[in-house]
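Student: The lines below spell out each chain.
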Amino acid sequence: MIISADALELLIVAATALAAVAPIILLILWVKDRKGGNLW
Amino acid sequence: MNNDAVLDASTGWLILALFSVAWIWLGWWLGRRAKGLEGFMLAGRKVGLALGTATAMATWVTSNTTMAAPQLAFQMGMWGMVGYSLGSIGLMMFAPLAKRIRKLMPHGFTSGEFIRMRYGRTAWRVFLGISLFYAFGWLVSLGMAGGVLINALTGIDYHVGMSVILAVCVAYTLLGGLRAVIGTDFIQALLILSGIVIIAVLAISNVGVDRMHEAVLEERPQLLNLLFPAAIMFLFNNLLFGIGEIFHSNVWWSRAFAFREGVGFKAYMIAGLFWTPVPIVAGFVALTAPALNLNVPAADMVGPMVAAELLGVGGAVLVFIVVFSALASSLDSLLAATSDLVLTDIYKGHLKPHATEEQLARAARWVVLILGIATWALCWPRLTTLAELLYLTGAFVASTIWPVAAGLYWKHVNPNGATLAMLLGTAIGLTAYFVVGFYVAALVSAAVSMSLVLLTTWLAPREFEWAALNQEARQ
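Taken in order, these protein sequences are the chains called P and S.
In short: position in the first sequence from 1, add 154, done, that's my numbering.
In short: position in the second sequence from 1, add 72, done, that's my numbering.
Because the hints were derived from the structure by calculation, they are not lab data.
Worth double-checking, as some hints may not be accurate.
Interface residues of chain P toward chain S, partial, derived using beta-carbon atoms under 8 Å [unchecked claim]:
#1 Met-155
#2 Ile-156
#3 Ile-157
#4 Ala-159
#5 Glu-163
#6 Leu-165
#7 Ala-169
#8 Thr-170
#9 Ala-173
#10 Ala-174
#11 Pro-177
#12 Leu-180
#13 Trp-184
With a straight-line cut-off of 20 Å between C-alpha atoms, the simulated EDC-like cross-links for lysine to aspartate or glutamate are [claimed, not checked]:
#14 S:Lys-420 to S:Glu-110
#15 S:Lys-118 to P:Asp-160
#16 S:Lys-338 to P:Asp-187
#17 P:Lys-189 to S:Glu-110
#18 S:Lys-175 to S:Glu-110
#19 S:Lys-420 to S:Glu-430
#20 P:Lys-186 to S:Glu-537
#21 S:Lys-175 to S:Glu-430
So the derived list for chain S, only partly shown, Cβ under 8 Å to chain P, looks like this [stated by the list, open to error]:
#22 Ala-115
#23 Ala-126
#24 Ile-268
Note that the Cβ used here is the ideal one computed from N, Cα and C, for glycine as well.
Pulled out of the complex, with its shape left as it was, chain S reads as follows:
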């Protein structure tokens, strides 16, 4: 039990039960028309602009965005929330890539397939190692965040909360595949945006920006300092980390394949635009804490505490709904996209190269289930070191930015150079992480990777036929 919880456990259980039933029913209802492997994995490749925009935005709003944005504003002030909002640049930069991916690989399934066809099997295996490590790091951090946040907000035991949120997401992803994930993401996007706007409007009208500014200036003036060094370093690292996460991850590639032709560019651009204000709107409420004379015991609870102070039980319920939606919208997307990667690149790519579509469709559901159980088992011991894995992945994912982007646009990229760029970028980025600090890992990794891609391609350019991506993907 958690005696500092802002809601009582019975209210928490009621909300959990209502939303669990709603998501699972919706997953079944949406997925009942999903036919065959493409229907399950890629929603039939006909997702329109509204659902495409909402799923890109909601997936990128994680529990981190809604809970850590107030925490960052409370610890790093202005730049904490503005720096976080730069995460939207990754989404916007992926917009032209999504268009290009759909054009080059109209029958493609995963980001791993692209790397295999573009750079060969060695690069493919290195990329899979990076991508699966990142995916598991994110899955475990989300699963653990679910348990921790439900416990902090309602007092429900960590293991119970974590198990419930994982079970719900696995259940509706199993029932409806990507159609269920995208359909529920649309509703979750509306809930997240409406919830944070209500809390923000109440904070502005009840406290006022002048009073908030005055109180912060008196108690913690560094939070309003535009030259706060730690926060500025965080800003740049966060930007590159975000670009690396989006460029390589199958979460975003699978959507590029699933969107109707002509939708990808617009959907990612609008999603980026809509995502930009979320960390600021969710984050600035933390700055009202000094004006409200709140005694905040742990920085990560500042958001719910301010909401509860402004709105009473209703505010805490609203925060719970926003956090639950943010968690589910990311967990389901990650489960679906990682299972696509495991199915296509591990099961079919390595274990059963001649599997039929029917066998793959059956295996797809087993992979979702096994992935869910593996995540649950890793989350169970509540090892904080596991959640911190995600910070480490900055060095891994930033090394893929250049091999992915250059590989999509530049015919002459040297495949061995791309492989080396991912390996050395990761290794040197990790060294920087341990020797200097977390805030340089992604930056160093991306710089090493870029230098190697450019240098090896300049010394030994290779010719590549774009048509090969389309022909091979059909097989």
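Chain P with its partners taken away, still in its complex shape:
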């Protein structure tokens, strides 16, 4: 049972998109925590 090229592409693109969004969300959380005095 071989994975199709489309399914493989979906997996790779979805994973890469999530990994690309992660640092942006981390930075947003950092700014939010810092403004709220909750960083440390």
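Got chain P; can you put chain S on it based on the hints?
Tutor: Using the frame of chain P, we list chain S on its own:
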């Protein structure tokens, strides 16, 4: 020297020097506000969501994740990288536990303390044996991986690379304690995620998924097979191994104590979500090797080779930065958490029960230093058998899953049953490791441990008052 290195030694030295200075300075800068024992060990118990999420994610991304994920994709195909990404389930499953730990033990310090208060001193000593064996196995494997990877990427001698990465991590952990570890983890998380995304985007745009699929199908079709048996077995064992590692280890408990109230659950959940794609993104680039006509001499070098092919020297530098960040983010966390365990459960628990807070604060720094030197001494001979110790620990850590989880939620767990579960789970798991294979050790250990916890508690339930955890932890 290593003539197959993808970078020259002078570039390697430049990156090593820059990052070493940056981490040590940052460790000092972040740690200058750490006051007292709680400030040093638990960052004052006020870590927010951003830093909490980043430290949980970056600590779980080890050199294994960034280097072994491409290797696994190259050897086991689809399931190699997808199976590896299931390691995130351990982080997500720990999220409710982190909330519960913070609630039951608002003044707690270590996972060992919990076992002592919950099950008594015999269980505590068995647990410490398991936990310290695992911690040393992980520390040595990380230290050795540092030396091996720096040598493979830059040609710098194994002993020099290993010594530098250990010295840097010990230095900034000593200077700033958990604040330094968590602060540097945040930057390391950003570097790791950005680095692997850049390499992945280049791989997709330069090679394309269709071409990659076609070349793999022609040369190594089993890598795209969804019913590849060895890979499916790896998937289940990896899942249980990961849960065992996270549930028992003080690396994750110390963060549960250090996070601000209300942060633990969200931080571990988001960290798990962010960790999930990392092995897939880092791993799939290996599948481009056939399309790029790369001749890969050793499977563990496939990631850097593909990056160097796609990006030239820049790609190799990027891989080096990602690997260095991944190594440092795990090594520093493990050093800090293991020293907490040694300080609280060995030094105070066994040697100096009446030590004052000032004495403990001083001893904490000595423990970090001694632990670093011990790790360095064990890594020096470069015995591969030592690095393989980590595989053995699957049998050990999986035996703790039930005693820890049931102990946190179930009042009636029998303490002797929990002790026996850890002992027999480990023994039978180890037997399975040697008789059957590595891929069943964690599975057998967890099954034996679960059966014993359930059976002994059903036959002889014991009553436990949750409040005892809070009262004793204050002392």
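Student: Hint by hint, say whether it matches the structure.
Tutor: The hints, checked one at a time:
With a least beta-carbon distance of about 5 Å to chain S, the hint placing P:Met-155 at the interface is held under the 8 Å criterion. For P:Ile-156, the suggested interface contact is upheld, since its CB lies about 5 Å from the closest CB of chain S, less than 8 Å. With a cut of 8 Å, the hint placing P:Ile-157 at the interface with chain S holds, because the nearest CB-to-CB distance is about 5 Å. Given the 8 Å rule on beta carbons, the hint for P:Ala-159 holds: about 4 Å separates it from the nearest Cβ of chain S.
For P:Glu-163, the interface hint holds, the least distance from its beta-carbon to any beta-carbon of chain S being 4 Å, beneath 8 Å. Nearest Cβ of chain S to the Cβ of P:Leu-165: about 7 Å, under the 8 Å cut. The hint holds. Nearest Cβ of chain S to the Cβ of P:Ala-169: about 4 Å, under the 8 Å cut. The hint holds. Proximity of P:Thr-170 to chain S holds as hinted, the smallest CB-CB distance being about 5 Å (cut-off 8 Å).
The criterion of a C-beta within 8 Å of any C-beta in chain S is met by P:Ala-173, whose closest approach is roughly 4 Å, and the hint holds. A least Cβ separation of about 5 Å between P:Ala-174 and chain S falls short of the 8 Å threshold, and the interface hint therefore holds. The interface hint given for P:Pro-177 holds, since its Cβ lies 5 Å from the closest Cβ of chain S, which is under the 8 Å cut-off. For P:Leu-180, the suggested interface contact is upheld, since its CB lies about 5 Å from the closest CB of chain S, less than 8 Å.
Below 8 Å, beta-carbon pairs count as interface contacts, and P:Trp-184 has one with chain S at about 4 Å; its hint therefore holds. Straight-line distance between C-alpha atoms of S:Lys-420 and S:Glu-110 comes to about 15 Å, which keeps the hinted pair within the 20 Å bound. Between S:Lys-118 and P:Asp-160 the alpha-carbon distance is near 46 Å, which puts this suggested pair outside the 20 Å criterion. For the given pair, S:Lys-338 sits about 14 Å from P:Asp-187 by alpha-carbon distance, which is consistent with the 20 Å threshold.
At most 20 Å may separate the alpha-carbon atoms for a hinted pair to count; P:Lys-189 and S:Glu-110 exceed this at roughly 24 Å. A hinted pair counts as satisfied when its Cα atoms are at most 20 Å apart, and S:Lys-175 with S:Glu-110 qualifies at roughly 17 Å. The hinted pair formed by S:Lys-420 and S:Glu-430 meets the criterion: a straight-line CA distance of about 12 Å does not exceed 20 Å. Proximity of P:Lys-186 to S:Glu-537 is assessed by CA-CA distance (about 39 Å); at most 20 Å being required, the pair is judged violated.
In summary, the hint linking S:Lys-175 to S:Glu-430 is not supported, as the alpha carbons are separated by about 27 Å, beyond the 20 Å threshold. Satisfaction of the interface hint for S:Ala-115 is found here, the shortest Cβ-Cβ separation to chain P being roughly 7 Å, below the 8 Å cut-off. At a threshold of 8 Å, the smallest CB-CB gap from S:Ala-126 to chain P is about 5 Å, leaving the interface hint in force. Given hint, S:Ile-268 at the interface with chain P, holds; its Cβ is 6 Å from that chain's nearest Cβ, closer than 8 Å.
When held up to the earlier numbered hints, the structure conflicts with 15, 17, 20, 21 and fits the remainder.
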